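Novice: Use the sequences and the hints to build the structure in full.
Each residue of the sequence shown is one higher than the one before, starting from 1420 at the first, in our numbering.
Rather than coming from a laboratory, the hints here were simulated on the basis of the structure. Note that the structure is predicted; figures quoted are calculated from it, not measured. Backbone N, C-alpha and C define an ideal beta-carbon position, used for all residues, glycine too. Some hints here could point you the wrong way.
Unchecked claim - Ranges between beta-carbon positions, derived for each pair:
no.: 1; residue 1: Glu-1621; residue 2: Glu-1549; range: 47 to 55 Å
no.: 2; residue 1: Ala-1622; residue 2: Val-1587; range: 38 to 46 Å
no.: 3; residue 1: Lys-1533; residue 2: Pro-1463; range: 26 to 34 Å
no.: 4; residue 1: Thr-1556; residue 2: Leu-1624; range: 53 to 61 Å
no.: 5; residue 1: Glu-1621; residue 2: Ile-1485; range: 41 to 49 Å
no.: 6; residue 1: Ala-1622; residue 2: Ser-1477; range: 50 to 58 Å
no.: 7; residue 1: Asp-1583; residue 2: Pro-1465; range: 33 to 41 Å
no.: 8; residue 1: Gln-1532; residue 2: Ser-1439; range: 24 to 32 Å
no.: 9; residue 1: Arg-1547; residue 2: Gln-1471; range: 29 to 37 Å
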Amino acid sequence: MSVRRGSLFVIAAPSGAGKSSLVNAVLAREPEISLSISFTSRGPRPSERHAQHYNFVSADEFRRMIEAGDFFEYAIVHGDYKGTARQSVEPHLTAGRDVLLEIDWQGARQVRQKVPDCVTIFILPPSREELERRLRTRGQDSEETILRRLAGSRGEMEHAPEFDYLVVNRDFGQATEDLLSIIRAQRLRTAAQLAHHPGLLEALLA
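Specialist: Dropping the structure here:
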């Protein structure tokens, strides 16, 4: 019996929109989804751990991985390399496991070209004022970094219409439920259900 191919979910957002917190909340409710841990050339923040939040590598090592064809997608984000390793995506999908990528709009565009039926979701803050407040209150970045992220957020949000779904993170609980609803709806699509229940329709129509 053939195995149902997993679904690929892509989530992007400007820094400070609450993407990582929302992803963690979704994974707590949907443990069967595989989260791909991205590679990055930037240094870790005080609260970040290698292989848990990111795979931290040097810029030289990242470039070597590019040359070796190790990446499913990669981009330069706020001056640093970020990318998804091939081995963290394709084997899981082939085995029937859903995969979630937490990446930026550039990476999402590359993924869409390779996996046209992926599900893309963009998370928006309720206002620019709230975006700035969240960046400042998380206490992870210098003033220079905060200003750079705020300046870059407008260009990132310009690409929101390219995505299949938009989720406004005004209320964290509601935004989490919105993401879960998208995931569940994808699993209930006709093709996914027929693959998940092989022979059921034929038996019912016999």
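Novice: Would you mind marking each hint as holding or not holding in the structure?
Specialist: Against the structure, the hints:
no.	hint	verdict
1	Glu-1621 to Glu-1549: 47 to 55 Å	52 Å, holds
2	Ala-1622 to Val-1587: 38 to 46 Å	43 Å, holds
3	Lys-1533 to Pro-1463: 26 to 34 Å	28 Å, holds
4	Thr-1556 to Leu-1624: 53 to 61 Å	58 Å, holds
5	Glu-1621 to Ile-1485: 41 to 49 Å	47 Å, holds
6	Ala-1622 to Ser-1477: 50 to 58 Å	57 Å, holds
7	Asp-1583 to Pro-1465: 33 to 41 Å	35 Å, holds
8	Gln-1532 to Ser-1439: 24 to 32 Å	25 Å, holds
9	Arg-1547 to Gln-1471: 29 to 37 Å	31 Å, holds
The structure meets every hint from the earlier list without exception.
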